[in-house]
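Asker: If you read the sequences in order, they're chains A and B. So in our numbering, spot 154 of the first sequence is number 259, and the numbers just go up one at a time. So in our numbering, spot 17 of the second sequence is number 122, and the numbers just go up one at a time.
Just so you know, not all the hints are guaranteed correct.
Given that identical chains are not distinguished, each listed pair holds provided it fits within a single copy or across any two copies.
Here are the simulated SDA-like pairs of lysine to any residue, each with C-alpha atoms no more than 20 Å apart in a straight line [said to hold, decoys possible]:
#1 LYS162 / ALA288
#2 LYS194 / ARG171
#3 LYS197 / LEU148
#4 LYS210 / ARG120
#5 LYS210 / ARG225
#6 LYS152 / ARG225
#7 LYS210 / MET132
Worth flagging that the hints you see were computed from the coordinates, not collected in a lab. From a predicted model like this one, the values you see are computed outputs, not experimental measurements.
There are 2 protein chains.
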Amino acid sequence: MSTLGVREQMLDNSRADILSAAAQCFMERGYSATSIDDVARSLGATKGRIYHHFHSKADLFAEVFRFGMDMNYAALEPLLAVPGRAAVKWKKMAFAHVLQMITTKPFQRAVWLGVEMHLRGATTPEQRSVFNDLINYRTEYGNIFRDVLRKGREEGDFDFENLSIANQLMFMTLNSPIFWYSARTGETRADLEDVVRQVVTCAYRGLGGKEENTA
Amino acid sequence: MSTLGVREQMLDNSRADILSAAAQCFMERGYSATSIDDVARSLGATKGRIYHHFHSKADLFAEVFRFGMDMNYAALEPLLAVPGRAAVKWKKMAFAHVLQMITTKPFQRAVWLGVEMHLRGATTPEQRSVFNDLINYRTEYGNIFRDVLRKGREEGDFDFENLSIANQLMFMTLNSPIFWYSARTGETRADLEDVVRQVVTCAYRGLGGKEENTA
DNA sequence: TGATGAACATACTACCCAGTATGTTGTCAA
DNA sequence: TTGACAACATACTGGGTAGTATGTTCATCA
Chain A
106 MSTLGVREQM
116 LDNSRADILS
126 AAAQCFMERG
136 YSATSIDDVA
146 RSLGATKGRI
156 YHHFHSKADL
166 FAEVFRFGMD
176 MNYAALEPLL
186 AVPGRAAVKW
196 KKMAFAHVLQ
206 MITTKPFQRA
216 VWLGVEMHLR
226 GATTPEQRSV
236 FNDLINYRTE
246 YGNIFRDVLR
256 KGREEGDFDF
266 ENLSIANQLM
276 FMTLNSPIFW
286 YSARTGETRA
296 DLEDVVRQVV
306 TCAYRGLGGK
316 EENTA
Chain B
106 MSTLGVREQM
116 LDNSRADILS
126 AAAQCFMERG
136 YSATSIDDVA
146 RSLGATKGRI
156 YHHFHSKADL
166 FAEVFRFGMD
176 MNYAALEPLL
186 AVPGRAAVKW
196 KKMAFAHVLQ
206 MITTKPFQRA
216 VWLGVEMHLR
226 GATTPEQRSV
236 FNDLINYRTE
246 YGNIFRDVLR
256 KGREEGDFDF
266 ENLSIANQLM
276 FMTLNSPIFW
286 YSARTGETRA
296 DLEDVVRQVV
306 TCAYRGLGGK
316 EENTA
């Protein structure tokens with residue numbers, strides 16, 4: 106692996122700054138209501154900078170989506186090898202996921218937007234191939250939870266009927282902080298984790314999770 | 106009350122058709138990506154028809170929002186006078202609400218969009234007063250459930266910590282079919298109600314609802 | 001039966017925005 | 001030092017869109 110020179114570092118930082126600003130704009134105004142000029146203005150820059158790094162608005166959005174999902178996988182990966190009961194593993198995964206939703210909210214809102222747009226078919230044919238990869242990326246992530254749900258039910262720790270519906274409802278609950286959470290003034294890490302814990306508990310119970318595993 | 110003449114009937118039907126088409130378009134493309142021409146085209150008409158009945162795009166959207174909430178209140182109202190335990194009342198309310206989300210999905214998506222837009226502050230100053238009324242309308246609706254939740258907890262049938270968080274998570278679950286539900290081919294009323302029941306059960310358990318009330 | 005107005009359609013304008021073409025500046029390598 | 005190129009900024013174009021101004025048709029009523 107070669108070390109990055111100062112120049113490459115600055116390039117990457119510039120790209121990351123754009124991604125961050127774009128995520129914020131997409132969160133605040135949605136996809137179509139966000140103009141490239143909006144993103145540029147929020148950076149104190151102009152269009153030129155954006156188009157130097159990204160082919161198009163759709164491409165910029167796709168990169169925001171991908172970055173968000175990359176962070177999700179990174180947060181989840183350390184937990185995948187955990188042995189033992191699926192319900193216990195699920196709790197760790199759910200906690201990490203909700204924490205991730207809150208701490209990277211703008212990116213997760215973009216992921217949400219992307220999934221929604223895909224479900225509505227609101228993409229042009231050329232974008233489809235790139236976009237389909239991203240949706241598969243996201244679906245695969247969802248399937249990780251889905252498999253754990255199935256295993257947990259087989260082990261008798263979960264009690265739900267339709268797996269697909271249960272998975273949908275679970276994700277709605279776990280993802281929901283991207284819509285309603287915002288840090289109070291003076292909020293501590295402990296306060297934050299308490300919110301996360303309440304969300305996870307709600308989802309766990311919703312899945313028919315047994316109380317003895319609640320601890 | 107005066108009976109409506111043929112002319113007034115047709116006017117009202119025309120308005121209702123526009124509202125319906127607009128709700129569909131807003132659902133499929135979001136607010137900003139929906140053009141007035143799109144709505145008109147889906148009706149086989151032109152802009153002139155839309156602007157004859159509505160002042161602006163924002164006004165059209167507001168009316169879709171209002172109509173959606175009107176239907177929600179209409180579905181909920183018969184249940185408000187029900188005496189007895191709050192948890193039992195909650196179940197009836199939740200069932201009616203979820204059924205409503207599914208059967209009037211395009212309008213409910215518009216309500217969702219409207220709330221989201223308001224939370225983002227994506228409205229111009231002039232629209233604010235009209236829009237604030239609608240948001241209050243929706244908040245009041247939410248508070249009906251909120252009060253029942255509080256009462257249910259006081260009666261020992263619910264077990265959650267923060268009331269606001271519980272209310273948020275509950276609504277996310279109950280509303281979620283507007284995003285993932287679509288009728289299968291050959292789906293019966295019983296199939297539909299089974300889906301609704303699963304959603305309500307998930308939300309009920311998430312609130313820490315006691316199992317003996319599940320029936 | 002002719003005048004009036006509701007319910008539209010048509011035609012037009014001003015503006016915004018994605019994308020492009022081109023100019024500018026600083027850095028680094030030879 | 002110089003030329004080459006990355007990393008932008010500036011200037012422009014074409015297409016789409018909200019809103020308006022103005023026609024057209026047809027029912028209704030005096």
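Asker: Please go over all the hints and tell whether each is borne out by the structure.
Answerer: For each hint, the structure was consulted:
For a Cα distance limit of 20 Å, the shortest separation of LYS162 from ALA288 qualifies neither inside one copy, at 30 Å, nor across copies, at 34 Å. Taking the shortest Cα distances, LYS194 and ARG171 never come within 20 Å of each other, neither inside one copy (25 Å) nor across copies (44 Å). In this assembly of identical chains, LYS197 and LEU148 lie within 20 Å of each other by CA distance neither inside one copy nor across copies; the values are 37 Å within and 50 Å between. Taking the shortest Cα distances, LYS210 and ARG120 sit within 20 Å of each other inside one copy (19 Å), while across copies they are farther apart (39 Å).
When the C-alpha separation of LYS210 and ARG225 is checked against a cutoff of 20 Å, the pair qualifies only between copies, where the shortest distance is 14 Å, while the shortest distance within a copy is 22 Å. Proximity of LYS152 and ARG225 under a CA criterion of 20 Å is satisfied in neither setting, with 29 Å inside one chain copy and 24 Å between copies. Proximity of LYS210 and MET132 under a CA criterion of 20 Å is satisfied intra-copy only: 8 Å inside one chain copy versus 23 Å between copies.
Consistency with the previously given hints fails for numbers 1, 2, 3 and 6, ordered from lowest to highest.
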